[in-house]
Amino acid sequence: MASVSIAVRDLTVAYGDTTALERVSFQIDSGQMVGVLGPNGAGKSTLFEVLAGLQPFACGEVLIHGQPASGKSGALAYVPQKERINWRVPLSVIQVVMQGRIRGHRWLRRLRPADIEIAEQALRQAGLWSHRGEPMVSLSRGQQQRVFLARSLAQGADILLLDETFSGVDIRAKESLMEILHTLRDQGRTILLASHAVDQVEKNCDCCLCLNRGVVGFGRTRDLVESGVIRNLVGTV
Amino acid sequence: MEILQSWLIAPFTYGFMVRALAVSVLVGVMCPLLGTHVVTRDLGFMSDALAHSVLPGVVAAVLAGLHPLWGAVPMAIILALLLGWLVHSTGLSADTTIGILFAGLFALGVALLPLVRHVRLNLEDLLLGQVLGASRVDVVMTAILTAVVTAVLYGLHSRLLFVNFDPLGAKVAGLSATRLDYLFLVLLAVATVTALQAVGIILVISLLITPAAAALLVARTFEHAMILSAGFGVSAAVVGLYASYHLNVASGPAMALVATAIFAVAYAVAAARR
Numbered sequence: 000m001a002s003v004s005i006a007v008r009d010l011t012v013a014y015g016d017t018t019a020l021e022r023v024s025f026q027i028d029s030g031q032m033v034g035v036l037g038p039n040g041a042g043k044s045t046l047f048e049v050l051a052g053l054q055p056f057a058c059g060e061v062l063i064h065g066q067p068a069s070g071k072s073g074a075l076a077y078v079p080q081k082e083r084i085n086w087r088v089p090l091s092v093i094q095v096v097m098q099g100r101i102r103g104h105r106w107l108r109r110l111r112p113a114d115i116e117i118a119e120q121a122l123r124q125a126g127l128w129s130h131r132g133e134p135m136v137s138l139s140r141g142q143q144q145r146v147f148l149a150r151s152l153a154q155g156a157d158i159l160l161l162d163e164t165f166s167g168v169d170i171r172a173k174e175s176l177m178e179i180l181h182t183l184r185d186q187g188r189t190i191l192l193a194s195h196a197v198d199q200v201e202k203n204c205d206c207c208l209c210l211n212r213g214v215v216g217f218g219r220t221r222d223l224v225e226s227g228v229i230r231n232l233v234g235t236v
Numbered sequence: 000m001e002i003l004q005s006w007l008i009a010p011f012t013y014g015f016m017v018r019a020l021a022v023s024v025l026v027g028v029m030c031p032l033l034g035t036h037v038v039t040r041d042l043g044f045m046s047d048a049l050a051h052s053v054l055p056g057v058v059a060a061v062l063a064g065l066h067p068l069w070g071a072v073p074m075a076i077i078l079a080l081l082l083g084w085l086v087h088s089t090g091l092s093a094d095t096t097i098g099i100l101f102a103g104l105f106a107l108g109v110a111l112l113p114l115v116r117h118v119r120l121n122l123e124d125l126l127l128g129q130v131l132g133a134s135r136v137d138v139v140m141t142a143i144l145t146a147v148v149t150a151v152l153y154g155l156h157s158r159l160l161f162v163n164f165d166p167l168g169a170k171v172a173g174l175s176a177t178r179l180d181y182l183f184l185v186l187l188a189v190a191t192v193t194a195l196q197a198v199g200i201i202l203v204i205s206l207l208i209t210p211a212a213a214a215l216l217v218a219r220t221f222e223h224a225m226i227l228s229a230g231f232g233v234s235a236a237v238v239g240l241y242a243s244y245h246l247n248v249a250s251g252p253a254m255a256l257v258a259t260a261i262f263a264v265a266y267a268v269a270a271a272r273r
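Those sequence lines, one after another, are chains G and S.
Each residue of the first sequence is one higher than the last, beginning at 0 in numbering that gives the first Met the number 0.
Each residue of the second sequence is one higher than the last, beginning at 0 in numbering that gives the first Met the number 0.
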């Protein structure tokens, strides 16, 4: 029986007078790929911030591997939207992947050979070893997302939060990304994929969380498709 | 040979020129190293504001009979932390908050200036710098502050870079991004007031921003940009000092002009590469 990766009970988040999430409850087992669907402002990013321990919430309970979400365990990794990255910082591909190992190394110390090996292995797994010395800005959008995935792997996180990962990515790159995500899921990692790409979610995700400030639907993707929940939500996505 | 000697060596037969060179080179290393972060984080206005806003601290230190840095450094640190806190707690934009504090504190400093008429402290010195008047104490203090700033930057390099590149990802990975941001602002405050001595309030931005901006135009990696920017900063300081001596122009503006010329060359090189 799979262990519970994420458990959220009666979560409510408010910004001043505005409620971003209201009485949200769901539970995700380890090794599942879960699509998070919803229109803009539905609370997808807020939910990710809460899971990562970055966003305080008014009431409810959020457990990551049975422990309150704090953002300090390193169990979660975040693959950001392109807009959240400061592209003025000129970093090479391998430098970004090495960031996944920073948490474990002390001030004034260089990364240990073992950390470097883990980062290099993660980059190989993402299929980008030959690009290791290239500047991030010179890569395609799909390749950049694979680098961020490699950084998550280097971090050793077993829960990946992917925020609009497919946005601006061409079809071939989407397929390549999906292949990697399937491999990671098969290795036991839990993947939450916030996306507007409904077709990708329908085709690839085991479960789907339909959000519109509250939970509109949660369950097996096929069931939500057949019951029309996703179709109804798609009109607003 | 004699001409070369009179151009290169003659200026440094004077003790004040040697001290000016030491302070300029130190500032020429420290400011651009920080400047690479300042430019990529878009904190240019913040640096300018810090330079202006320490005036009340400078006046208070002079009134107390202390070296101006004893007032300027704590004032800048308090200001940097206050700015960070106001932005986080009020939701006002960073530019708005900086504008409010910058104008208010600079005005307060100007209003307090008449209190120290008996001491040699005037607006022109603060605006244009007085590196030729640097004392041994100035050299030692600048060296200590440069060493501290450089050591912290080196020790926290990967963390600062992570937070600069992907703040949210850094937080999720377990780094204390807010604490690192505050620490960076404190370093910036220290560097800014140290550079005041060499190039003055108006021109402090030239050593903090211009060499780093030039380096980022031509460098492939952040580390390369940091090293290159320090080279540009030292070049601007040294060439500016020579120009100041031989052409009889104020040292601060001379350094700023050299830095701008370096930027123009870097821009041309970057454009030619495209």
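Errors might be hidden in some of the hints.
Residues from chain S shown here face chain G by an in silico Cβ test under 10 Å; the list is partial [as the list claims (entries may be wrong)]:
hint	residue
1	GLN4
2	SER5
3	ALA9
4	LEU160
5	PHE164
6	LYS170
7	VAL171
8	LEU174
9	ARG178
10	ALA218
11	THR220
12	PHE221
13	GLU222
14	HIS223
15	ALA224
Counterexamples of contact, computed for chain S against chain G with all Cβ distances above 12 Å [to be verified]:
hint	residue
16	LEU3
17	PRO10
18	VAL38
19	GLY103
20	PRO113
21	ARG135
22	VAL136
23	VAL185
24	TYR244
25	LEU256
No wet-lab data here; the hints were simulated from the structure.
None of the values given here were measured: they were computed from a predicted structure.
Idealized CB from N, CA, C, for every residue including glycine.
Here's how the hints hold up against the structure:
{"no.": "1", "hint": "GLN4", "in the structure": "violated (42 Å)"}
{"no.": "2", "hint": "SER5", "in the structure": "violated (42 Å)"}
{"no.": "3", "hint": "ALA9", "in the structure": "violated (41 Å)"}
{"no.": "4", "hint": "LEU160", "in the structure": "holds (7 Å)"}
{"no.": "5", "hint": "PHE164", "in the structure": "holds (4 Å)"}
{"no.": "6", "hint": "LYS170", "in the structure": "holds (5 Å)"}
{"no.": "7", "hint": "VAL171", "in the structure": "holds (4 Å)"}
{"no.": "8", "hint": "LEU174", "in the structure": "holds (7 Å)"}
{"no.": "9", "hint": "ARG178", "in the structure": "violated (13 Å)"}
{"no.": "10", "hint": "ALA218", "in the structure": "holds (7 Å)"}
{"no.": "11", "hint": "THR220", "in the structure": "holds (6 Å)"}
{"no.": "12", "hint": "PHE221", "in the structure": "holds (5 Å)"}
{"no.": "13", "hint": "GLU222", "in the structure": "holds (9 Å)"}
{"no.": "14", "hint": "HIS223", "in the structure": "holds (8 Å)"}
{"no.": "15", "hint": "ALA224", "in the structure": "holds (6 Å)"}
{"no.": "16", "hint": "LEU3", "in the structure": "holds (38 Å)"}
{"no.": "17", "hint": "PRO10", "in the structure": "holds (37 Å)"}
{"no.": "18", "hint": "VAL38", "in the structure": "violated (7 Å)"}
{"no.": "19", "hint": "GLY103", "in the structure": "holds (28 Å)"}
{"no.": "20", "hint": "PRO113", "in the structure": "holds (43 Å)"}
{"no.": "21", "hint": "ARG135", "in the structure": "holds (30 Å)"}
{"no.": "22", "hint": "VAL136", "in the structure": "holds (29 Å)"}
{"no.": "23", "hint": "VAL185", "in the structure": "holds (16 Å)"}
{"no.": "24", "hint": "TYR244", "in the structure": "holds (36 Å)"}
{"no.": "25", "hint": "LEU256", "in the structure": "holds (26 Å)"}
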